[in-house]
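Novice: Chain by chain, the residues:
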Amino acid sequence: MANQPMLSRYDKLLFVVLFLILAIGVLSIYSVTGGTLERSKTPFYLKQISWIIVGWIIFLVMAWVDYREMARFAYPIYGITLFLLVLVPLIGRTGMGARRWLSVGAFSFQPSELVKIGLLFALAKHFSDHYPNGGLDLKRLLISGSFLFIPFVLILKQPDLGTALSVSIIFISMLFVIGLRSRFLIYSSLITAMLSPFIGQLVWNNLKTYQKRRLFTFINPMEDPTGTGYQIIQSKIAIGSGGLFGKGFLEGTQSQLKFLPERHTDFIFSVLAEQWGFVGVLVLFVLFFLVILWAVDVAVKAKDLLGTLLAVGIIGLIFFYFFVNVGMTLGVMPVVGVPLPLVSYGGSAMVTTLGMLGLLLNIKVRRLMR
Amino acid sequence: MAGRYFPQEENRELESKIYWFFVILVAGLVLLLLRAWHLQVSKGAYYLELSENNRLRVVKTSAPRGRIFDRHGALLVNNVPSFNLYLVLADIQDRTRVLHRLSKIVEMSPDEISTRIEERKKGDPYAPIKIKEDLSMREVARIEGHGLELPGVKIEAEFKRDAVSGPLAAHLLGYVGEITQDQLKKETYAEVRSGTIIGQYGVEQSYDSLLRGTPGEKKIEVDALGHEQQVVQEILPVQGDDIFLSLDLKVQRAAEIALGNRPGVIVALDPANGDVLAMVSHPAFDPNLMSGGVSSEAWQGLIKDKDRPLTNRAIHGLYPPGSIFKIVVAAAILETELATAEDEIKCRGFVRFGKREFRDWKKWGHGEVDMHRSLVESCDVYYYEFGREVGVDNIAKFSAIFHLGKPTGIDLAYEKGGLIPTRAWKRKHFNEPWYPGETLSVAIGQGFVTTTPLQLAALIAAVAGDGVWHTPRLLTKSQDHSTDEITLAPASVGDKIPVSKKTLETIRKALAGVVSEKHGTGKKARSDFFSVAGKTGTAQVVGRETHAFDEVPEDLADHAWFVAFAPLDAPKIAVVVLAENGGHGGATAAPLALRVIEAALAPSDDALDASENVEKKPVSQEELENDHG
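So the protein sequences, as listed, match chains A and B. All residue numbers in the first sequence are consecutive under our numbering, ending with 370. All residue numbers in the second sequence are consecutive under our numbering, ending with 629.
Do not take every clue at face value.
[As the list claims (entries may be wrong)] In the EDC-like style, the derived pairs of lysine to aspartate or glutamate whose C-alpha atoms are separated by at most 16 Å in a straight line are:
(1) A:Lys139 <-> A:Asp129
(2) A:Lys258 <-> B:Glu52
(3) B:Lys60 <-> B:Glu221
(4) A:Lys258 <-> B:Glu228
(5) A:Lys301 <-> B:Glu221
(6) B:Lys104 <-> B:Glu144
To be clear, the hints were calculated from the coordinates, so they are not data collected in a lab.
Could you build all of it, start to finish, from the sequences and the hints given here?
Specialist: Listed below in structure tokens is the structure:
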């Protein structure tokens, strides 16, 4: 095993795939925000490239340091990220109607992004330390569930429904793999069914009016064709009008003429679909499929349960982002405002996503080491 | 380790779960991909159309109206560039601030601007709303300079209607204005879009369909904010046809000057075909005020002015024809063979009829009067005597033959008919019998008789033109702007009046005498250059009777009439002059008619200058006596 190369052919292919996805993202951002924005400002695509560089540094860090070493600090990491999250409502910066950011000097970030890493480690460590043979029982479920519950409520309060749902995906993915005890599965589903109205009520009451409206609009976009429904309608028009081969680079009228909202962030997929058509969409899907395939391979080949669970959580998270974002632009998911991983403009998401991918590589590589 | 990825035994169970996990994720990807296929490939054409509708907006571009020329090709109405101010509501965030800023530049209060917006806004917030027309260069410069502080404020260079000579022939040329809501519902304007400038009065209105042109279309690409990016496709507007009027600018100008500030009318016709050579109605207005988007204040001022400057008195004003009517009654007398031209009556200055005394204008009478003298000296008694015998219904019959008492059918809107009374009419409207005394008033063109000045112009033109009556017409031809193709207006057919040549000859001779003979009432129309025939008239204003002769207030003073034609042997022009409250027709109206005739017949402009002097001659008392018509 020592004579095996550290990186397999598949790992090298991953780098190519990631490079292509990132390139698609930068090109798409460039196509809607242009080379220069204003004299004083750096163009968005250049900013994105610098974030990608930062992301790769994090990738290397996360790939380099043994994940088992990191897991030793799982609970402290979780505690710190949770602490930062608690700071948000106290000293956080408000943007676009939600208080999500913390500022350190000129640099601002979303603790809700970091808390995903914390939760990922905390849950993976908890489950691997206390592996419940034959599935979770009630006690384990409540303990592990409490890991999720605190950040979930805090993020929901910000309010950030998308991120709140995404942190729960980490929990749900791991839960799916570990499973519940069969008898307990029946009981817990019954209890969940009974509790769901109350939980639903809790979630609903914590939603802002605009979030509720988004959900209504998702059900019937034509009801509000100038507000939230406008975004869905324009996105569907953009994607649909792209046709099989697209309108061509910089030729998308929906995105170039600004009919499409949030072009470089949440609706970047629509920009891409309009310019490159179904062929472009297919290419992006294949690239993401390869990433997931590689990640599942990591999960299966992981040296220990900790690695497997970390990998599963990461896969669940990245897939969730992809699915919800693309589903939203296609009009099959509500507008919850999650980015398209590795493609949408935005530093926090880019760094966390690349960091998590680095962690996957870490897991993959460690299985060959002592 | 090969083939065994899970060191721990329990991970075998995990392995299958992870594969299931993977299957679910792949299923999710496939679902999304199917959805993308559905939108992009199955319904791609549909969404492509939606995206085209999104980006393309069709804007109508207004067509310049055709120009208006006189019969010799002199330009009467033109188009000139005008800068108009528009607001696009969708682009204005802080309306109060923008309006406040704007109001300082364009001299409109924010309230006025708001009112304009409310009046003119349509559903579409991107549709520009016209706020002010014809901005001064100063205003344009200031708005352009403040562009960034005035979002949503747009200046468009458009065409404005320009009546080259201002108020000249204002009533005839008319004015333009934005189509009204009521007009939009009419069949005539079925093809006209709201906001279009159409003719609202005069020739502009009568020949709007020729002048209007066809609006163009611009397909423009807009962004999500409605800002124009580029023109994708453009159909240019087609300018309306130029039209040529029968009007003779030289004659019109002479008539305008002759009438001066007096309220009144001058109409000149070509006896040969009814061509309107001049049509003046005073007081007038400046059509350019209207085309520049008249302010409601100025408009109200024009409407409420008691001198009614917006009324075309030539076709809309109803006046008793006074002694002009004697032409018709004379024809009736001769044609009914009640008397011959040679039969005389003795005029003692009045006629007693029933309890009433009907007076001649000449207190001591005209003496022995035959038909010739009755017209030359405008003897009232002659017409009291014979008119009574001819009877009101015969007078009405001959009035109808000469087309009096009904619209002439000139190509202008709002023409009135006037009234020629009959026994039947009296019974119908007053439920009273006709009193014979009333016939005496009718015989000298008073009483119930009213006509428009244009009717009298057409009458004298028919007398001049061998008894053929023509509908007065304004349009001679139109010219397509792009092909230069000329379309001639249909010629007037003419109505041969069923009156014998002999009768007409007798009347014409008498009318010549009115001007040429020593005791003629129309001597002031005498010309050194050519022979003029005419008839004076002095119409009593209703209500005058209550005042003593010398104390008649100005607005109840008699209307002065004069109808004329010249030259006698081959008439080229027929004129009617009405000077409201002008007093005696012979003194006031006749010289004005002469100036118009001279302008029309003079080979050069010298005659115009010569006629200038005529009016300035002091009028002696004796002349005044004789001038009375």
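Novice: Checking each numbered hint in turn, tell me which of them this model violates, lowest number first.
Specialist: Those not satisfied come down to hint 5.
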